[in-house]
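As you go down the protein sequences, you meet chains S, V and R in turn. Here the first sequence is numbered in the working numbering, starting from 55 and rising by one per residue. Here the second sequence is numbered in the working numbering, starting from 55 and rising by one per residue. Here the third sequence is numbered in the working numbering, starting from 55 and rising by one per residue.
Mixed in with the good hints there might be a few duds.
Pairs involving identical chains hold if they fit within one copy or between any two copies, as the list cannot separate such chains.
Okay, derived cross-link-like pairs now, DMTMM-like style, lysine to aspartate or glutamate, Cα gap no bigger than 20 Å in a straight line [said to hold, decoys possible]:
| no. | residue 1 | residue 2 |
| --- | --- | --- |
| 1 | K324 | E190 |
| 2 | K265 | E370 |
| 3 | K265 | E85 |
| 4 | K265 | E86 |
| 5 | K324 | E370 |
| 6 | K463 | E190 |
| 7 | K377 | E258 |
Hints listed in this document are in silico derivations from the structure and should not be mistaken for laboratory results. Here the structure is a predicted model, which is why all the values come from computation and not from measurement.
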Amino acid sequence: MANNLWVLICGLLVFAMTISVGLLEVGELGEEFGNSLLKTMLITGSALVFMAFIGFDTAFAPTIDGFIGNPIYGGLFLGGFSPTLGGLLGGVWWSMTPTYFGTSLTAGTYFLFEAAFASVTLALVGVVALRKMRLEAFMIYSIVYFVLIWNLPAAWIWNPTGWLFQMGMRDFAGGLVVHGAAGAAGLGILSVIWLEEKGSGLKESPRVSCKMSQGWLTIAILLLWMGWFGFNPGSVLAFNYSAMVVVVTTFLAASASFLSSMTFKMFVSKQTPGLLDAVNGVLMGLIVITPLAGFVSPASALVLGLIGGPLFVTAEGYFNRFKWFSDPVGLLPGHMVGGLFGVLMIAFFTEHDFASASGNPTLPNGLLFGGGVAAVQQLGIEVFGTVVVMATVFLLSFATAWVISWSMKGITNGYKTQALIQTPVSSKNP
Amino acid sequence: MANNLWVLICGLLVFAMTISVGLLEVGELGEEFGNSLLKTMLITGSALVFMAFIGFDTAFAPTIDGFIGNPIYGGLFLGGFSPTLGGLLGGVWWSMTPTYFGTSLTAGTYFLFEAAFASVTLALVGVVALRKMRLEAFMIYSIVYFVLIWNLPAAWIWNPTGWLFQMGMRDFAGGLVVHGAAGAAGLGILSVIWLEEKGSGLKESPRVSCKMSQGWLTIAILLLWMGWFGFNPGSVLAFNYSAMVVVVTTFLAASASFLSSMTFKMFVSKQTPGLLDAVNGVLMGLIVITPLAGFVSPASALVLGLIGGPLFVTAEGYFNRFKWFSDPVGLLPGHMVGGLFGVLMIAFFTEHDFASASGNPTLPNGLLFGGGVAAVQQLGIEVFGTVVVMATVFLLSFATAWVISWSMKGITNGYKTQALIQTPVSSKNP
Amino acid sequence: MANNLWVLICGLLVFAMTISVGLLEVGELGEEFGNSLLKTMLITGSALVFMAFIGFDTAFAPTIDGFIGNPIYGGLFLGGFSPTLGGLLGGVWWSMTPTYFGTSLTAGTYFLFEAAFASVTLALVGVVALRKMRLEAFMIYSIVYFVLIWNLPAAWIWNPTGWLFQMGMRDFAGGLVVHGAAGAAGLGILSVIWLEEKGSGLKESPRVSCKMSQGWLTIAILLLWMGWFGFNPGSVLAFNYSAMVVVVTTFLAASASFLSSMTFKMFVSKQTPGLLDAVNGVLMGLIVITPLAGFVSPASALVLGLIGGPLFVTAEGYFNRFKWFSDPVGLLPGHMVGGLFGVLMIAFFTEHDFASASGNPTLPNGLLFGGGVAAVQQLGIEVFGTVVVMATVFLLSFATAWVISWSMKGITNGYKTQALIQTPVSSKNP
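Put together the whole structure using the sequences plus the hints.
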């Protein structure tokens, strides 16, 4: 029962993260934010309903040839009206039985936890759609997202019968499945937006104006930091020694990245660091540690966090050069770069004892801990899985957005994006 | 110990709901809100002190003839100075022993959980008092409320020796005990306010102006949604399979109601849905599922949630026609209508296996699940109990408010309610 | 495992308190608060990193002659890169073994909990530095604070081999170690600030202007109240009957102090109480009960809370007379006075049965419960320990701030503090 209690509480903390991303948008971009907040409430509601409808099965039911979960395994809506189906009342979800992960989670617990993950992933994607994409278009996109786009990487990497999992790929709490894939999905949407913008004669993508609101920014980072207490330690899917270590690695990486971020800004960029730098520093540390929080030591977490700060500042400078999209909240330099960097670091920083304690006994030591050939092999697997997942998610997201664009005659706000710069978007949304 | 841990954490989440209702008022009605927030802090403080003083006993001690809990059973203040009285240190509260519910909760755990329930119920009542009733009048009302008015329905329906419980009535987490009764108590106060307003020559009750604050509204709904994670699943009073199912039914109903609310507004009312519709949709789903979250399947929760959205929109239109009171935050169309509707649905949607798992083995299947005669009988009991409780609470609330009005020469702000429309009330309160 | 689960969740709640103190500053003093919030984020990050680096050991490792924890006991960063050192993965922290407290907490759990305590203590100190002290100066101060200043009192009183603990001194959750010591450290910084201000020709210390923000104030007190659910009940370091009692004593004291605060303001000071009085009342109740929440009955908690309200109002009037410092958020009348008052009350209100249940079997009954000579002896020990700790912390804090002042040529904002009154400080900070 302790495992279920732990994962359920962690699930609640992750649940709160989606709306917290809405508050983060508001904190970074300004208070004319009706649609930012409405959008994250919509994501939360859609995630729960469509994951319960079918998405939980496509991701976490026994897979069809390792490729996708059996969509009708548990019955629609977690067993529908039946009290006996689906392992909901008295049973254990199949992959939590001793044959697989052996953590005894019930269908209900595991559903809440993973639906919250799916939800927050789309919230990350949504930050690039902000104030550009019509709400109805985003609503339709979200249905496809929770039935298919989010679910494939989860089925491949987190489902014990998925083909990448079988190949040996690991991604502890979603450096790729959440953060990397969110970046790929976001790029898909940004491409369709740019096609529309270019089609209407624009030379570069208009940028939304930013007006920081420090109170909301602080509440957002507090809720997100607390959410990550559920996100990473909950991903052990059990309450054991490893879960307690993951709390430490997660929080240390966040703090280290915060400190390195501030210091880097001060001494290398020669700028005065402010609250936004602090927030981005904390977030980058949390993102970087996500894919390997359960595989590494506290000191490694510190090192990874210290790298996180400068990595974000550098990546942000790089992505700011592009003129065909705007990414004011930092999906690409933060979540995509940080998540993928963390995935690669698995092959460097993993220590077998930590990985084993978190339920990943097949993971070898990393290169920095004498992993040698096995670690190089692991690196190859991680790179391969990353490329496949990023390409798949980008294509699916692009195709989905393109079809919606085609059928709704545009996903941007009536093609009047130029006006975005002068007037608040919220007043133009339908 | 797991049961105590679960209910204690759930109690904390419910505890936060009272002040969250204050933030909801502020979010819906505007930021000149000193007294809204002060009021909900006052409710929180009063609830804890007066429930500990005597109210916990009048509700949850062994009843006198099924009518009211023995007010001196545990000793004042949970055993007072004594370390041995009250089952506080090392014992189990009498109704949590195997003879009754068998969940082994201690007096302390059960007290915190139920005091938080009493508190949030008055917070709901308080939304109609907002900016109309003098704070001192509300303070005095709150004492009577926590010693008697909240407690009688709880003693009758949730206390295993209560007369309605004995008759077979069930109300899982308070569709009647909390939401319905809050509506009845609110109507009692509104009636006295109207008597005063009519007495001072008004033709209709002045309305407070509304000025939505989207950030506070969002924080409020996030905290309330998280609070309901404690409210419903905690009401199993144990951490078991049922508690995990209740998380799912609760969250699915909220999400479904959100989606149906938005869709109904868009396609039936032909209006653009906004953040307020979203918030009301989520709330209505949470309210409707409350009295039967532990009795139904996930698919039933979805259906109930889908009904919730249109039900609120319709009820709101109905109550808006009345001119003798104003209910800007929606106590009546939301909490009263939603709560009572959910209570009636017990006789339709209950499935015995779910009810049994949540500790209610005597509850028969509902009419939709082949309950037949037993379900009709259950419907009769639920209707009877509802009528009795609503009438009792209304009369007690009206009488209390009337006596306070009489002794303080008016509970409204110095009879100058007309002025409410022009100037913020906060500056007029004493 | 239940103990670890409980303390970890409590640790998360305490973790949130540091940034909540930032929101409290903003709520009380106004929204030009970039640096208030940045400061509390900085404190959070520093606390985790420097406590992990060495501070956790100086406080909680086996002490060197009872004076300071062995700084290299667990290895830097909680065992560094090693999976076996430090009791992190599979072991129990030495003082949590049956030889000492016997609660089986792991190094990770105990670290998170105590790092959060250290963090919030500095957040309290920081409220007097607000808008006066340069951020870089405060950064350097924080490193010394988390390596030495916070740690000595903890090593002496909370470490089972500390010399004051051995002498019999007890301080349940930090009336002295947190609140009293925060006051002493704050006085140290205020003294250096005053030396600088006097040196620049000022006759009295300039005061920052206050502009209450009711929303942020409410969120802050809600988060702090919820944080105290972790702070006090978590300090049992186990989930047992005592932890559940401590929830009750903590929440009752807060509520009682709230009510007495409001009543005192209304009837004795003849003023209309407002939200700020409410917030201060709740806080004072929480502070006063902190050092003895696990030693007393619910009724005693009520009495202590009732004393808390008037105590704060009186103390605030007293400290307002001083012209050489300004303490707008109430570190001294609230945390210092309340914390030390509570410590003294240990010798009056303790009941052996409650103390024993919380793991303090050597504590005798207080004077009000027939403790007699043993209670007087306990009073002597508490007074002695308080004097020693307050003097030590004041001197260390003063010396640290003085050295920083000397090496940075001033810790105040470029000696232009006079201007603080007219313009927002945030724009002047580097």
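We went through each hint and held it up to the structure:
1. K324 with E190: between (44 Å within a copy, 14 Å between copies)
2. K265 with E370: Cα proximity of K265 and E370: one copy only (18 Å, versus 36 Å across).
3. K265 with E85: both (8 Å within a copy, 15 Å between copies)
4. K265 with E86: both (10 Å within a copy, 14 Å between copies)
5. K324 with E370: within (16 Å within a copy, 43 Å between copies)
6. K463 with E190: Within one copy, since 12 Å is at most 20 Å while 54 Å is not.
7. K377 with E258: Close inside one copy (5 Å), not across copies (55 Å); limit 20 Å.
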